[in-house]
Each structure stands twice: as C-alpha cells, then as structure tokens.
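Novice: For reference, the chains in residue letters:
Protein chains: 2
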Amino acid sequence: MPPAKRQAAAPLEPPSGWTVDAVLKNVKKLRTTMGDQAAGKQTLADVGVSGVTKEVIAMDRHLVTRAIERIAMDAALTIMRGEGFSYTMPVRTASNMLYVPELDRLVLKDKMLERVFANASAARKTAITTRVLQLVLELCGRGIHVTKRDLFYTDVKLFKQQTESDDVLDDAACMIGCTRSSLNVVASEKGIVVGRIIFEDDGDTIDCTKMGVGGKAIPPSIDRVTSIRGDAQFILLIEKDAAFMRLAEDRFYNTYPCVIMTGKGQPDVATRLFLNKVRATLNIPVLGLFDADPYGLKILSVYMKGSKNMSYDAINLTTPDIKWLGVRPSDLDKYQIPKQCRLEMTEHDIKEGKQLLTEEFIKSNPEWHKELELMVRSKVKAEIQALSSFGFQYLSKEYLPRKLKEGDWI
Amino acid sequence: MPPAKRQAAAPLEPPSGWTVDAVLKNVKKLRTTMGDQAAGKQTLADVGVSGVTKEVIAMDRHLVTRAIERIAMDAALTIMRGEGFSYTMPVRTASNMLYVPELDRLVLKDKMLERVFANASAARKTAITTRVLQLVLELCGRGIHVTKRDLFYTDVKLFKQQTESDDVLDDAACMIGCTRSSLNVVASEKGIVVGRIIFEDDGDTIDCTKMGVGGKAIPPSIDRVTSIRGDAQFILLIEKDAAFMRLAEDRFYNTYPCVIMTGKGQPDVATRLFLNKVRATLNIPVLGLFDADPYGLKILSVYMKGSKNMSYDAINLTTPDIKWLGVRPSDLDKYQIPKQCRLEMTEHDIKEGKQLLTEEFIKSNPEWHKELELMVRSKVKAEIQALSSFGFQYLSKEYLPRKLKEGDWI
Numbered sequence: 001m002p003p004a005k006r007q008a009a010a011p012l013e014p015p016s017g018w019t020v021d022a023v024l025k026n027v028k029k030l031r032t033t034m035g036d037q038a039a040g041k042q043t044l045a046d047v048g049v050s051g052v053t054k055e056v057i058a059m060d061r062h063l064v065t066r067a068i069e070r071i072a073m074d075a076a077l078t079i080m081r082g083e084g085f086s087y088t089m090p091v092r093t094a095s096n097m098l099y100v101p102e103l104d105r106l107v108l109k110d111k112m113l114e115r116v117f118a119n120a121s122a123a124r125k126t127a128i129t130t131r132v133l134q135l136v137l138e139l140c141g142r143g144i145h146v147t148k149r150d151l152f153y154t155d156v157k158l159f160k161q162q163t164e165s166d167d168v169l170d171d172a173a174c175m176i177g178c179t180r181s182s183l184n185v186v187a188s189e190k191g192i193v194v195g196r197i198i199f200e201d202d203g204d205t206i207d208c209t210k211m212g213v214g215g216k217a218i219p220p221s222i223d224r225v226t227s228i229r230g231d232a233q234f235i236l237l238i239e240k241d242a243a244f245m246r247l248a249e250d251r252f253y254n255t256y257p258c259v260i261m262t263g264k265g266q267p268d269v270a271t272r273l274f275l276n277k278v279r280a281t282l283n284i285p286v287l288g289l290f291d292a293d294p295y296g297l298k299i300l301s302v303y304m305k306g307s308k309n310m311s312y313d314a315i316n317l318t319t320p321d322i323k324w325l326g327v328r329p330s331d332l333d334k335y336q337i338p339k340q341c342r343l344e345m346t347e348h349d350i351k352e353g354k355q356l357l358t359e360e361f362i363k364s365n366p367e368w369h370k371e372l373e374l375m376v377r378s379k380v381k382a383e384i385q386a387l388s389s390f391g392f393q394y395l396s397k398e399y400l401p402r403k404l405k406e407g408d409w410i
Numbered sequence: 001m002p003p004a005k006r007q008a009a010a011p012l013e014p015p016s017g018w019t020v021d022a023v024l025k026n027v028k029k030l031r032t033t034m035g036d037q038a039a040g041k042q043t044l045a046d047v048g049v050s051g052v053t054k055e056v057i058a059m060d061r062h063l064v065t066r067a068i069e070r071i072a073m074d075a076a077l078t079i080m081r082g083e084g085f086s087y088t089m090p091v092r093t094a095s096n097m098l099y100v101p102e103l104d105r106l107v108l109k110d111k112m113l114e115r116v117f118a119n120a121s122a123a124r125k126t127a128i129t130t131r132v133l134q135l136v137l138e139l140c141g142r143g144i145h146v147t148k149r150d151l152f153y154t155d156v157k158l159f160k161q162q163t164e165s166d167d168v169l170d171d172a173a174c175m176i177g178c179t180r181s182s183l184n185v186v187a188s189e190k191g192i193v194v195g196r197i198i199f200e201d202d203g204d205t206i207d208c209t210k211m212g213v214g215g216k217a218i219p220p221s222i223d224r225v226t227s228i229r230g231d232a233q234f235i236l237l238i239e240k241d242a243a244f245m246r247l248a249e250d251r252f253y254n255t256y257p258c259v260i261m262t263g264k265g266q267p268d269v270a271t272r273l274f275l276n277k278v279r280a281t282l283n284i285p286v287l288g289l290f291d292a293d294p295y296g297l298k299i300l301s302v303y304m305k306g307s308k309n310m311s312y313d314a315i316n317l318t319t320p321d322i323k324w325l326g327v328r329p330s331d332l333d334k335y336q337i338p339k340q341c342r343l344e345m346t347e348h349d350i351k352e353g354k355q356l357l358t359e360e361f362i363k364s365n366p367e368w369h370k371e372l373e374l375m376v377r378s379k380v381k382a383e384i385q386a387l388s389s390f391g392f393q394y395l396s397k398e399y400l401p402r403k404l405k406e407g408d409w410i
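Protein chains in written order, with full-length UniProt numbering: chain E, 1 to 410; chain R, 1 to 410.
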C-alpha cells in the first residue's frame with residue numbers, strides 16, 4: 001500500500017461574484033425574526049392552556065430518585081391505611097391527547113388511571129411498574145445509562161415481552177413527570193454531526209470541526225451533553241447520510257458557519273433530543289434538506305411533531321419551526337433537474353402524499369401545502385442525489401449557496 | 001431544566017483481588033503468538049498459490065488515475081488497429097472463485113472476459129463501463145469521495161438501475177486491480193469506535209479516549225484514516241450497540257487498554273475496512289463479543305470471511321483471525337445464565353445453525369464446531385443482554401474481566 005497522504009479537496013469557494021456574507025444575509029435576517037419562538041421554550045403555561053396534565057420536564061438523577069421515593073412512600077401509606085396497593089398515572093391513549101396549535105404539538109390531557117394491585121387484570125402490570133421503578137432507582141443511584149433491551153433482560157421472568165417493560169417505562173416517566181431520557185434509559189444512537197459546534201460529552205470536549213469526514217456520533221445520553229457553544233449561524237438538517245458525507249468532506253461548514261446533522265433516515269430519539277437542545281441553546285434556525293417525496297416529508301414531520309406514542313415528551317423531542325429548504329417539488333423545474341433524474345411516484349407514494357395533504361402541519365402552512373399539491377399533481381418525486389446530475393459537488397458549491405442567498409426556504 | 005452536571009459513574013475496578021495486569025496476562029500472551037500471521041499481511045505469493053488473478057491492492061488516487069488512463073489508451077489503440085472497442089476484465093462469478101485455506105479467504109481465479117462494444121448484448125454494458133471509468137477519473141482528479149447512489153445519479157439515463165452502475169464499479173476495481181474504496185466511491189457509515197486509539201481523519205487528530213459516551217463514527221473513506229496509534233492491547237469487537245454503549249459509558253478501555261468497536265449488526269464495508277486496518281497496524285488480537293445464536297455467528301463470519309460478491313477485495317475487507325470470546329453456548333451454563341434469559345431457537349434458527357455446521361470456517365475449527373453443535377443440540381440461544389440479569393454492569397465488571405483473565409476465547 002503506498003504511504004497514505006492527505007488527499008484534501010480544494011477549499012470550498014462561494015459561487016463566483018458572491019461573498020460568504022452575501023450568501024448568509026438572509027439566514028441572519030431569519031435569525032432575528034425567530035425571537036422568543038425558540039423551539040422548546042414555549043410551555044403550556046405560556047399559551048394559557050389549562051386542564052391538561054403538566055408536561056414532563058428533564059430532571060437530573062437526584063430529582064428522579066426523590067420522585068420515585070415519594071411514589072413508593074405514597075403507595076406504602078395507602079397500604080398502611082388499608083386502602084390497598086395502587087399507582088395513579090396519566091392515561092396515555094389517543095383519547096387523552098390534545099393538539100395545541102399555539103405550540104404545534106400534542107400534549108396529554110388530565111385523565112388519570114389507577115393501577116390497582118388487588119384487581120386481577122392489573123396485578124401483573126402493577127408488579128411490572130414496581131420493578132421498573134426499582135430498576136430506574138438503581139440506575140439513577142449509580143448514574144449509569146442502559147438501553148430498553150438491557151432493562152428487559154434484568155427480569156425476563158416478570159416482563160415476558162420487551163413491549164411490556166417498554167410500555168411501563170413511558171408510564172413511569174409520566175408518573176414522575178420527567179422525560180424518558182431522565183430515567184437513564186436511552187435509545188441506541190444512529191445520528192451524526194459535524195460543523196461549527198463544540199460541546200462536552202461526559203466531560204470530554206468535542207469540537208465538531210475536527211471530526212474528519214466521518215463526523216461525531218450523536219451521544220445516546222442527552223443529559224451528558226453540556227456546554228453547547230459555537231459560532232454556527234444555522235443548522236442544516238439532512239435526511240440521509242449520503243448528502244451529509246458530501247458536505248462533511250467538502251467542509252461546507254468551514255465556508256458557511258453551520259452545524260450539519262443527520263438521523264440517517266427515520267431519526268432516533270437521541271438525534272431528535274440533540275437537535276432540539278442545539279436549536280434551543282444556540283437559538284439558530286434549522287434548515288431541512290430532504291428528498292422531494294412523501295417519505296422525506298414524513299421524516300421531516302417526525303423531527304417537527306414527533307410520534308403520538310411519546311407525545312408526553314414532545315417539548316424535548318420536537319423542533320416545530322424547521323424551514324423546508326429543499327429539495328422541494330418546485331425546485332425540480334427551478335433548478336432544471338433533468339427528466340431522467342425525476343422518478344415516477346408509485347400508487348403508494350400518491351396515496352401517502354394525499355394523506356399528508358390532510359395533516360395539520362401541512363394544512364397550517366399554505367406554502368408547504370402548495371408544494372405538496374404540486375408533487376401529487378405532477379406525480380413526480382426526486383431524491384437529494386438527483387442534484388449530482390450537475391456534478392458531484394453541485395450541492396455544496398451551487399445549490400445550497402444559492403438557496404441560502406435567496407432565502408429560498410418556506 | 002436543572003443545570004446539567006457531569007454524572008460520571010464510579011471508575012471501573014477489576015474484580016476484587018485481581019489486578020489489571022493479571023486480567024491482561026493472557027491477552028499479552030496471545031499477542032506474542034500472533035507473530036506474522038497478522039490479518040491482511042499474507043498474500044497469495046506468500047503461500048505460493050499461482051494461476052489466479054493478482055489480488056487487488058489499495059491504490060492512491062494518482063495510481064488509479066494512471067491505471068484508468070492506461071485502460072483508455074489500450075482501448076483507443078485496439079480501435080485504431082481496427083480491432084474494435086472492448087475491455088478485458090476478470091470474471092467475478094462463483095465459478096471463477098477459489099477458496100485458499102492458507103489465507104482462509106476466497107480469491108478470484110484467472111478467467112478473463114472480454115466486453116465487446118460491437119456485440120449487441122454487451123454494447124450497453126461497455127458504455128456503462130466507459131462512463132463509470134470516466135466518473136472515477138473525475139473523482140480521483142478532484143480528490144473527493146461519493147456514494148454509490150451519487151454515482152448512479154450522475155447518469156440515470158444510461159445506468160437506468162443503480163444495480164447496473166454498482167455492478168460495473170466492482171468490474172472497474174478488478175480491471176484496475178485496486179480496492180473499491182480506492183475508486184473514491186464509499187459506503188455509507190454505520191460503525192462506531194472508542195478506546196485507546198488515536199488516528200488522523202482527513203488531517204484532524206481523533207483521540208478515541210475523548211469521544212464521550214457516544215463514540216466516534218467510523219469514517220467512510222478509509223484512505224483518509226492515517227497514523228493509527230495507541231497503547232491498546234486488544235480490540236473488542238461487539239455485535240450490537242447496546243453492549244458497546246455499556247462499555248463506552250463505563251470507560252472499560254480506561255481500565256483495560258483496548259479499542260472497542262461495533263458495526264451495529266451486519267457490518268458495512270467502512271467498518272470492516274477500519275477493523276482490518278487497525279488490526280494490521282497495531283498488530284493486536286481481536287476478541288469478538290456476539291449473541292449466542294446463529295445470526296451472531298453469521299455476522300462474525302462476515303467480519304472474518306466477507307461476502308462472495310466482494311471476494312476480490314477480501315484481503316482488505318476481512319480479518320480472519322478473530323477469537324470468539326463470547327457469548328458462547330457453553331457460557332450459558334458456565335456463567336449460570338438464568339433459564340428465563342435463554343430463548344428457545346425457532347425452526348429457522350435451527351436450520352441456520354445446521355447450515356453453519358457445514359461451513360468451512362466452522363468445520364476447520366473444532367472448538368467452534370463443538371460450541372455450535374451444543375447450540376443446535378440444546379435448541380437454546382441467548383443475547384449479550386442476557387448478562388444484564390446479573391446487574392447492568394455485570395458485563396464490564398465481572399464477565400469480561402473473567403473471560404480475559406482466563407484467556408477464555410477460542
């Protein structure tokens with residue numbers, strides 16, 4: 001093997017005649033209009049909604065420990081009063097969910113359920129709840145994190161199926177009033193990040209401008225990510241890792257100060273928590289680069305609105321104000337994407353597209369609605385990679401600078 | 001949110017009465033017995049096999065450029081001689097493959113095929129080959145890397161299906177005599193690494209002891225990974241990320257100097273290249289921690305033997321001498337894994353297990369064969385997570401130190 005040398009690509013220059021400042025002018029303007037609408041900043045109290053369960057908050061392990069001890073104490077007291085052994089917790093079914101337009105997210109309403117040990121149908125679930133609370137107490141006491149799978153395996157005899165311990169984990173978070181990640185039970189990690197951001201991960205300083213082309217794996221335990229800082233002007237959120245790799249290798253962030261991240265398709269919880277935290281801490285806009293197809297929009301909506309199943313934790317998991325930078329259906333003509341790089345939508349695609357047209361987050365934004373209508377009408381979709389038909393570096397050298405300069409997001 | 005504090009777990013201590021040196025004694029001994037059998041060091045010439053195509057080698061972009069220019073020049077000369085336009089390349093089908101026991105890998109034999117433009121059935125394929133060579137020339141000229149998907153999109157009209165450009169990429173590598181990653185076409189990245197290793201990634205120094213709990217994403221372009229160094233005594237190769245996260249959070253590598261990596265299930269090409277390179281550079285043993293089921297063994301075999309499809313690049317993609325540390329079928333009784341953490345094998349599992357018993361890499365190793373026989377006979381499997389039944393940190397505090405101390409690998 002010949003001695004490996006650094007084979008660096010030429011530094012990225014803005015398109016000829018443009019300066020970096022000119023390209024970034026609209027991004028800076030967008031930032032000033034963001035004001036206090038920052039993601040994760042507005043709470044139910046801010047918009048004056050009442051009669052709903054309080055939203056969960058991130059707690060440190062000492063607060064979680066105290067909350068579990070209080071729950072156990074309450075249970076012990078009712079037993080001693082001769083009232084039997086039971087837990088009280090918020091109902092997490094769709095009937096107890098409320099969409100709050102001001103926050104653009106689902107929250108739990110105030111219906112509670114009692115899980116009574118003496119009730120034959122609830123005895124096992126009550127036992128599982130007790131065991132899960134005990135395990136979480138142990139995790140918090142030792143300050144370690146485990147996966148849901150690990151948790152399941154600590155008592156297979158009782159839990160039987162992983163879905164049972166998973167389900168009760170969400171119950172436990174709602175009972176305590178904390179986020180699921182506060183329970184020290186984490187999701188596996190999938191996302192990666194590079195760019196003008198520095199943070200501490202469990203005491204190690206991570207400088208994401210010095211992570212090579214591979215990027216930094218987004219840490220699974222968000223509570224260990226602290227001291228987020230950096231001079232990034234915006235976050236570029238990418239659907240898939242191919243476009244991420246292109247921008248990372250071109251060191252796009254060196255020329256245009258930004259944070260680049262991807263959840264590699266359907267994002268995991270860790271990536272969504274990280275995006276939310278970076279967005280809220282640096283208070284910079286998030287620009288989304290997704291495939292121009294229904295699937296791309298669906299993934300975008302997961303970042304923005306989250307899943308119903310974890311709606312109780314939406315405040316930490318969702319980033320409602322993402323701007324749709326591209327690739328938008330109208331881009332196909334505007335950027336003259338060659339016919340052969342456009343793909344015909346399948347029946348299933350068209351059905352998905354029509355379904356999306358009825359969803360609140362599309363309907364509430366006329367510009368998004370118009371784009372999606374165009375897609376469904378033209379029956380044509382395209383991937384981010386379609387831009388490669390103009391050359392491998394068209395994305396970083398032409399498309400993105402032009403998009404940014406024109407403030408071409410909706 | 002309360003101010004985030006570092007919630008470090010207590011530093012990992014060896015089991016009581018043991019020293020770190022005592023735990024590592026067998027690993028050090030293993031290292032001395034490795035000698036020159038290092039993975040990727042032995043070539044066909046070393047073992048005296050002839051009559052086969054030369055194996056491909058890693059080339060820098062200047063060598064690849066020269067090779068492509070030579071291929072184009074040859075084609076031009078045959079055209080000018082009036083012999084028509086054609087390419088000659090090694091046949092990549094199973095009939096042209098040879099298993100070399102000394103190397104424990106598949107290599108291509110010397111059968112060649114001619115792709116003739118004037119031949120109606122090969123005209124399109126010849127055109128595709130020409131286009132792919134031209135695109136690779138462009139990539140090498142600019143020193144940038146793209147994914148297979150990017151490459152496909154540069155000429156959808158010609159390639160039609162991505163499988164067509166992918167397939168010709170492998171042809172191109174074989175024609176040039178270089179690895180596929182030398183073509184600057186990379187796989188997407190999936191693997192992560194932490195531990196006592198430092199390397200350069202595109203000029204950035206990456207210290208994997210300072211990557212927090214999230215670890216470093218394994219870079220997609222192996223040729224940019226240089227200056228691998230560190231005081232690791234062994235590589236701990238983990239099947240899935242749950243166990244990886246446990247060891248990363250416990251900073252297992254601070255107590256026992258090692259590199260910890262995972263491909264998160266079925267490994268991608270980048271992870272396999274990285275493992276091979278770290279293994280060959282540091283010349284330290286690789287110990288595998290996999291689920292005790294046929295699927296775990298199959299993934300282990302991908303690391304060791306690779307896939308038939310890319311057998312021409314086996315020397316860089318495979319790491320033949322991985323030791324099977326655990327979780328082995330015999331561990332279930334030895335470590336008294338509770339009955340309820342053992343899972344019954346399905347019909348499909350048993351069939352897979354029986355199939356594996358007939359494979360060369362199992363048959364050639366009596367100890368592996370014995371373990372697999374035990375699995376198929378007992379019809380019982382177990383995941384790494386089954387160890388959590390003894391406590392969340394049993395893996396890092398008890399199981400692994402004991403395994404290492406006893407030299408309990410096969």
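Some hints here could point you the wrong way.
Identical copies carry no separate label here, and so any pair may be met within one copy or between two of them.
Unchecked claim - Distance condition first, Cα-Cα at most 27 Å in a straight line; then the derived DSSO-like pairs of lysine-lysine:
{"#": "1", "residue 1": "25", "residue 2": "397"}
{"#": "2", "residue 1": "264", "residue 2": "148"}
{"#": "3", "residue 1": "334", "residue 2": "210"}
{"#": "4", "residue 1": "157", "residue 2": "379"}
Calculated directly from the structure, the hints in this document are not laboratory data.
Novice: Now tell me if each hint is right for this structure.
Specialist: Comparing the hints with the structure gives:
Proximity of residue 25 to residue 397 under the C-alpha cut-off of 27 Å is restricted to the intra-copy arrangement: shortest distance 17 Å within a copy versus 54 Å between copies. For a Cα distance limit of 27 Å, the shortest separation of residue 264 from residue 148 qualifies both inside one copy, at 21 Å, and across copies, at 16 Å. Neither within a single protomer nor between protomers do residue 334 and residue 210 lie at most 27 Å apart by alpha-carbon distance, with minima of 36 Å and 45 Å respectively. In this assembly of identical chains, the alpha carbons of residue 157 and residue 379 lie at most 27 Å apart only when taken from different copies (19 Å versus 52 Å within one copy).
Hint violations for this structure: number 3 only, all remaining hints satisfied.
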